[in-house]
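Please put together the full structure from these sequences, using the hints given.
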Amino acid sequence: MTHTNKRWYALVAISLGMFMALLDIMIVNVALPTMQKQFAVKFTDLQWVLNAYTLTSASLLLFESKLGDLFGRKKIFMLALTIFTIGSLLNSLSTTLDMLVWSRVIQAVGGAGIMTLAMALVASIFQGKERGMAFAIVGSIIGLATSSGPLVGGILVQHFGWPSIFYINVPVGIVVLLLTWFNVSETPNYGAGKRIDFLGMLLTAAIMFSAIFGLIQKENHLHYAWTNPAVAGWLGAAVVLLVAFLLWERRVADPMMDLALFTKPHFVGSAIGSFLLGAGWFAFLVYLTNLIQNYMGYSAEHTGMLQLAASIWPLLLGPVVGTIGQRFDKRYLISGSFVLMAIGLLVMAHFITPNVTGFQLAIAMVLIGIGNAIINQTINDAGLSDVPHAEMGMASGIIRTFQQFGVTIGIVVLGLVQNHFYSQKLSDKWPNQAPADLQTGLTNAGAFSGHSITHNASLANLPGIHTIQNLVVKAFDHGLTSAIYTATGFILIGALITFILLRNKKAAV
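1 is the number of the first residue of the sequence shown in the working numbering; add one for each residue after it.
Everything labelled a hint here was simulated from the structure, so no lab data went into it.
Check the hints yourself; a few may be wrong.
Claimed, not checked - Computed cross-link-like contacts, PhoX-like style, restricted to lysine-lysine with a CA-CA straight-line distance of at most 25 Å:
no.	residue 1	residue 2
1	Lys6	Lys42
2	Lys42	Lys194
3	Lys6	Lys129
4	Lys74	Lys37
5	Lys129	Lys37
Unchecked claim - Pair by pair, the computed Cβ-Cβ distance ranges are:
no.	residue 1	residue 2	range
6	Asp386	Ser427	10 to 20 Å
7	Gly236	Ser427	44 to 54 Å
8	Gln36	Ala457	12 to 22 Å
9	His389	Leu93	32 to 42 Å
10	Asn461	Ser427	47 to 57 Å
11	Leu346	Lys474	34 to 44 Å
12	Gln47	Trp8	38 to 48 Å
13	Gly297	Phe198	49 to 59 Å
14	Asn461	Ala40	25 to 35 Å
15	Asn461	Ala232	42 to 52 Å
16	Ser299	Lys194	50 to 60 Å
Ideal Cβ positions, reconstructed from N, Cα and C, are used throughout, including at glycine.
What follows is the structure, given as structure tokens:
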């Protein structure tokens, strides 16, 4: 096997690992209703199947990035793959909710390493024009996995049960481990002769844990004020820990993070752009899926098929974007793609009515999908273009952490906006003869649950129920449209930031 062929086989291994980890994140949403029936638990308890993974993964992204820089990215990547595969097996064998949640924690430890080190390995293996093409291929995998999760999850859950969404990772994980072992070259040990900044690594994990946990508290209790101790206490702790981390990193001889990274415009632009992409699009996918499944009545499989209108573009455009990304200014490609996504979101907002069709949504999703495909396939290449090889693991981890934090922030902010305008519409248009306690219940339950509550068989004979059902749909649409405008704002800010900061035409090699 030639050296060139080995590099591309290495890319196959890395891409498969990322696809497996990303698909798992998206696929679990579809299985939650089935899990709830089997475990007979409240949905708020079941949410920890998602939250445990998010919290653990976000907390360890930077920690595992640094381990890869210090001891070799291939070693830590393979260790992460092993942990992820073991965690997946434990998930599939879980017989209680507690076992499943703790198995998800184990799985997330591996998932964090896969996600943060994959991009750094690609940057280490490929140079010049090949690097742009390699990043384009990985970007295609990211976009495809993120958007095809509902389809794959729906098929697996419907035909093989919810454990299958985890069990399938076991053979795939073994294949990826073998491909990585034989084809991925180890990176230099950049930690040789240096002290390990254990305190800095622990502080970054504590910062992310506190910030994400505080936001999860707000997400799960949207009626909580930001000043509520359950929210403000954790977010305040994150700020205090961040200040402590910055002060420590400035005085330690071998810091965990080179703060000079934040003086590089490409890197900062890529990190902020990733944050805003997460907040504006990946977070909105949660609300779009709810519209399609709960309010339009699509099955999980049909929801995934409809979302192919957005998810297919990374696969189709991968080779093209890889080529043009090396010939044209990435600033125009990325910022222009943000604008295209904003147009797609505005088109979607225009179509949101009680009679919205899948075809109308597909028109908007095509525009969004094309823009997302281009951004995903170029923004990491742009961000790592002037980062030293010794810092690529950390830099990749920071970019990934920014996107993860953006998704969490976006879910909370979009949820607050949607529920505010949903509740406002219910209050303004609520029929005088309708029970006031039903309005209170619908308001407290939030926009996500309005349709299922009003279509419950126990309310079938309630006088004026059809009027209330129609009002709930209109209130949901009102709230969702406002959320779309908010998501559009995030995306347009992303266009402006990347246009300002991604200044050079070609990446350094």
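Of the hints stated earlier, which fail here? Going through the list in order, the structure violates hints 1, 2, 4, 5, 6, 7, 10 and 11 and respects the others.
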